[in-house]
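Chemist: Heads up: the sequence lines are chains A and B, in that order. Counted the way our numbering counts, the first sequence spans residues 1 to 472. Counted the way our numbering counts, the second sequence spans residues 1001 to 1320.
Read the hints as simulated data drawn from the structure, not as lab findings. Just to be clear, a hint being listed does not mean it is correct.
Unchecked claim - Derived pair list, reagent style EDC-like, types lysine to aspartate or glutamate, alpha-carbon separation capped at 16 Å: (1) A:LYS156 / A:ASP129; (2) A:LYS90 / B:ASP1082; (3) A:LYS469 / B:GLU1030; (4) A:LYS42 / A:ASP71; (5) A:LYS469 / A:ASP439; (6) A:LYS156 / A:ASP122.
Okay, here's what each chain looks like letter by letter:
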Amino acid sequence: MNSTQNLLSRRMVLGGGLGLAALGLAGCAPTSKTTAAGSGWKQFSGTTINFISENTAPSAAIAANTKPFEDLTGIKVNITQMALENLVQKVKLDMSGGTSQYHVVYADPYQVLAPLSQGLTDLNQFVNDKKYPPVEKGLSDFIALDAAGRFEDKSKLYALPYDCPTMIWMYRKDLFDKYQSKMQQDLGFDPTPSGKITWEQYYQIADWFNKNAKSDVPYGTGQQAKQHDSLQCDFSNVLWAYGADYFDVPDIGTIGTQKPGKATLTTPEALEAAKFYDKLLKIAHPSSNTWDWDGLGNAFAAGQVAMCPNWHEYAASNEASLPGKVGYSILPTGPKRSANNWGGTGIGINANAKGNEQGAAWLFVNWATSPNTQVMTLKSAKGGGTPTRTSVYDMPEVKKAEVRPSDMPNMLTAAAVLEAWKPENIGLRPKVATWNQLDTIVYTNLSKMIAGTQDPTTTMQTMASQFDKVNG
Amino acid sequence: MPEKLVVGTLGSRVPTTGQARRKRRGPSFELRMMLPALLVLALITVVPFLMLIAMSFAKVRLLGGVSLSVNGLENWANVLTDAATWHSWGVTLEFFVLAVGMEMIVGTVLALILNSLRRGQSVAFSLVLLPMFLAPITVGLLGNFLLDPTIGLYAWVMQSLHLVGPGQSVLGSQSTAMLAVATLDMWEWAPLVALIVLAGLTSVSPSVLEAASVDGAGYLRTLFSIVIPTILPVLLVALLVRSMDAVRYYDIVHITTGGGPANSTWVISLQLNEKIQATSIDGVTTLIGQSAVIGITMLAFTVIIANLFVRVLDRRGLTR
C-alpha cells in the first residue's frame, strides 16, 4: 500500500513537473493552479474530444488558446462554434442517434439541458471519483450551479457553469453626464441609471433623448425585439419587474420541472407588463424589431441609441468602440422589483461518449470551468468571458480591472452584475422540457403585438392558452 | 419516318437470341452494373422517404436511437387543423408568387441583354452568374448587412431616396419584409433563369429575325411574336426548376427576419423547423410526426406543381 502511495506520489510529482514545464512553454497559460493539482491530468493522453459550443466569447477565447489544456493533459480538443439554434439541432441529432460526435456539450439550461437532460452524463461520478483531479475550490465556488447544472433532480449534476451573461442596463455615460441637469430639470427626477429608476422613468428618459438629443444620438433606447429568442429575453425583464411570471411553481427557474402546470400570463401584472413593453417599443429605435442581441450590441456600439438592456458580455465590444463612454447599471425597477435576465450556461458530457472519451471530456469540463481558465478568457482579445466562479471576482487582479483602464473590459460591469445576481434581482426563465416550444410562442406573439396586429391583452391571453395546450 | 417506327416496334416485340439468353440468366449485365448505384440511391432516398411516411403516423422516441409507436391519424389531424401551419402555407404561396415571378422577369431581361451584347458578353455573363454560386446563408447575411439601417448601403440609398423613413428597416416592416426576402432570393437565382433562357435564345433562328426586321417589326413585336414563343419551352423549364426550389425556401428568411415581423415571413419550412427544434429527446413526442406530415405535404405540393407544368408543356407539344 505504501509503495503504491509512493508510486502515485512520484507520478503526481512527475505529472506536476511536466505540467509546470508545459505551462512555462505555453507562456501565459492559465492553468498554474490546475496543474499544481497534479495527478490524473495525463491519464487520457492521446484521446481526441470534440466540444460543441454556441459562438460566445469564452468559447472563442478557449478555441484560440487550447494549447495549455493539450499540454497539461495530452488530450486534443476540437471546438465547433455556431448559433444556439443550430447547436440544439446538432446535439439532438447526436444524442438521438446514439452517437457521440460531440463529447462536450454547451448545455443551455433552457434549450439543451431541460429537453435533453437524459442525454447528458451525471457529473457527480467524476466529481466524487478520486482518480480525477478535484474541482478546484469545490462546487460551492460556482455561481448559479443549480440553474446551470441541474434539472428536476437535485441529486444529479449535468453541467458545470461555464458562462453567465446577464441582462443589464447599458448607457452612454458621456451623454447622460452632458444632459443630466437639463434632463433632471425637464423630467423632475435624477435620470442617472440605477436600480432606483423605474421602467416608466426609463421610458421618459428614452423619450427625452428622442426629442432633445438628436444631434448626439438618433434614439433614446433600442430593444432586441426581432422575432427571435432575444425578444422573449428582453420582454421577460419587464414581465418579472411587474411582478408576473410564466408559471407559479417554486424553483422552476433553478431546478426546473417537467410539469409546470397552467400558465400565469393573464394576471393583471402580466397584462400591465405587456402594455408597457408595447408602449416602450413605440418610442424605441425603429430598427429594434430587426435586432437580436448582436444587432442591438452593434447598434449601441455604433452610437445609434443612448441606452439599452443587453447581455453584459457586450461590455468588451462597447469598450472597443466607445472607450470610456459606457456605463452599466442593473435594469430599472417595476412595481415589484428590478429583474435581470440571467443567461448562464453550463457545459456537460454527452452520455453516449465511451470510456476514455468520457474521462477526457470531464478533464476538459473541469479545466474550462476552473478559475484560472476563466481569468484567461476574461483577458482574451477575443471578447472576454463571463466568469462563473465567486473566487474569480475576488482575485485582486480581477478587482483591479473593475475600473478603467481595464485589461478585462467585461469586469467594468462587475458592480451591476453582482447586484443583478442577488436573489431579489435575478430573473430566471422557467426551466421546463417544453421551453423551446414556449419560447417560440412568446416571441411570435410579442412580435405580432409590437407590429400592431394584436393588442397586449389578446397577446397574453393567446400566449397563455398556447402554453396550456403545449403543456397539456 | 414510318419505316423507323416499324423497325422499332418489331425490334421491341421480337426478342433476339441474345435477349432470350439474358432472360434465362436473370438480370442483364447493364442492370448488374447499375445495381450498386441503385441500392445506394434507394438507401439515401427511398428508405428515408418510407421512414418519413412511417413517422407521420407515429409517436417518436429519440433517446438511444429512434423508435416509433403507432399514433394513427393524430399527427395528420393536428397539422391539417393547425391555423399556424395554414398561415405559413399562405405566406409560402405569397413568397412563391413574388420570388418566382421576379426571377422569371429579371432573369429573362438579363438573358435578353446578355444576348444582345456584341462585346464583353462572356465577362458580363460571368459577373451576372456570380450570385448563384453563393450559399443561400451567405446571401442572407449579405442582405442583413446591406439592409441594416445603421450600416447598410442599400438602406442608406433607400433612406436617401426617402423610400423608407430614417432608421427604418425594410426587414422590420410587415409591408416590406416579404418583398425584401423575395428580392434577395431573386438576386441569387435570377441568374439561373438567365442562364437557361440564354441557352433557349440560341434556338431562335437568325433568318426569322432578319425576315421580321425586313418586314418592319419593331423590337417589342419581334420579342413577343417570335422570341418569347420560341423560347417558351425553356421558360417553362426555368419556371419549373425555380418553383420546386421556392417551396423549400429557408436559409435567407431564417437569417434575415426569422419569420417576422409578426409572422409575415413565416414560410412553411420555418414551421417545419420550429416543430423539430421544439422536440425534446427525454420523452415520446408527436412533434417529429407532425414535422414529417409537413414535409410530406411540401413534397406533394412540389409534385403537383411539377405535374402542372409538365402537363402544360405536354399540351403545347413541348415535351417531345
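Chemist: Take the hints in turn and mark each one as holding or not.
Modeler: Here's how the hints hold up against the structure:
1. A:LYS156 / A:ASP129: 15 Å, holds
2. A:LYS90 / B:ASP1082: 27 Å, violated
3. A:LYS469 / B:GLU1030: Distance of about 57 Å is beyond 16 Å: violated.
4. A:LYS42 / A:ASP71: 9 Å, holds
5. A:LYS469 / A:ASP439: Holds, because 14 Å separates the two Cα atoms, which is no more than 16 Å.
6. A:LYS156 / A:ASP122: Answer holds: LYS156 of chain A to ASP122 of chain A is near 6 Å, not above 16 Å.
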